[in-house]
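Student: Going down the list, the sequences are from chains A and B.
Counting in the numbering used here, the first sequence runs without a single skipped number right up to 547 at its last residue.
Counting in the numbering used here, the second sequence runs without a single skipped number right up to 1360 at its last residue.
Honestly, the hints are just simulated from the structure, not real lab data.
Glycine included, C-beta positions come from ideal geometry on N, C-alpha and C.
There may be inaccurate statements among the hints.
To be verified - Label-pair restraints from in silico Cβ distances: (1) B:Glu1349 with A:Lys533: 56 to 66 Å; (2) A:Lys324 with B:Trp1198: 25 to 35 Å; (3) A:Arg411 with B:Ile1223: 40 to 50 Å; (4) A:Leu540 with B:Trp1198: 29 to 39 Å; (5) A:Lys382 with B:Gly1215: 54 to 64 Å; (6) B:Ser1338 with A:Asp432: 36 to 46 Å; (7) A:Arg504 with B:Val1188: 16 to 26 Å; (8) B:Ala1254 with A:Asp472: 23 to 33 Å; (9) A:Pro336 with B:Lys1296: 57 to 67 Å.
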Amino acid sequence: MLEIKNIHKTFGDAQVLRGVDLKVEKGDVIAILGPSGSGKTTLLRCMNFLETADSGTMQFDGEHFELGKMKKRDIARLRLKTGFVFQNYNLFLNKSALQNVAEGLIVARRMPKQEAYSIAERMLEKVGLSDRAGYFPHQLSGGQQQRVAIARALASEPEIIYFDEPTSALDPELTGEVLEVIKHLAAEGMTMIVVTHELGFARTVADRVIFMENGVVVEEGSAEEIFDRPAKERTREFLRMEWKEN
Amino acid sequence: MSDRAIHILTDSFMKILLPGLKVTLPLTAIAFSLALVIATVVALIQFANVRVLKQIARVYIWVIRGTPLVVQLYLVFFGISGLGYLIDPFVCAAIVLAVNEGAYCAETMRAALEAVPAGQMEAGYCVGMKYHQIIRRIVLPQAMRTAFPPLSNSLLSMLKDTSLVASITVAEMFMAAQRIVARTYEPLLVYAEVAVIYLAFSTVLTWLQHFGEKRLNRYQRAKA
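Okay, chain A solo, but in the shape it has when bound:
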């Protein structure tokens, strides 16, 4: 369904991505792990064109794109097929929870308001926040904001949702509710790529795990392969350190 090949990205002198490949099939849940600075967030942002990759190709639903020279129109079209969940939620601060979810439907998809709001209500129900529809972001906890953000990403029935460290900004006691929502989506067959530090979560939810460092994929495999019998010494070391911290 989605395939990235040989993606490169530099910020000034720093080579953040040095030839990463990634293949996603419908229904896949892929977890990307790696130390900070490994390029995992940049990879995700390049895939949704929040950063412009220097080079590389993308295959999406059979269409071929050069990542270095994307047309605005193609970017807009591809974004309608994807959802993105940010580390710091990025809910629209001047909109209520319900409006946050409905905004994209009304504005980008020109859906009648009534229909958009009824979808938005359903999405909020799905993330367990029906009773917070009228609340503004500042009136919600971090965990609730992130669940609204997930509802917003879900609303347009995307083919894939990208999660950029969805629980990293949350207090430990709030990460559970967000991970729970993502687990439900996985069970429903939603295609997702999750950049995360939550190893336990990655292990239980991900079909495939990718370990990145210094802008390249060090190792890739099923959750069992990566967590139980990693082939690379660097992967073992990383996992040891991370488990200790958790």
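Since the structure of chain A is provided, determine the placement of chain B on it from the hints.
Tutor: Chain B in isolation, oriented as in the chain A frame:
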């Protein structure tokens, strides 16, 4: 207070207040609305980094902020009159005030736009919105909230600055006061009276500011 003083005050009150209501307030309202339009356009040009237009915007702000309002009024009104064209003093005053205040408000608006977190734009893109849609529905409303108190300052400044347009023959409140002083030789009394009327106008605007802030606050965390 002498009977004469009381008589002058009561006699002049309506003569000052009426031009206030008929000229000062409409002039302020018209010029400030125009200034807001100018400011929003000029600020957005800079925010969106539009080539050439951005340079023009900077020159505009540089020139306007670098020259006195009175000089601008004289330059435009007497300058154009001097060329032999008739220009309505009220229209001239409204335009000069708007262009002048527009430059200051543009800087206020630019700062407010830049204060909106970058993630708001990104989130807008990710739900499929276009640049202008995000600006109009997400970024501008948030920027307006930030800009509201300093813009209220500008409005108050302008209300008081309209007194300067007396010098280009606009018969507003201050000119009315000057005329009465010329007739009665009571500058202390009459100028104090006009000052009180300006203060009353300003007070109403300040109330409106509080009311407006309250409304805008509904989606913003109250600042401690």
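Student: Which hint numbers doesn't this structure obey?
Tutor: 2, 4 and 7
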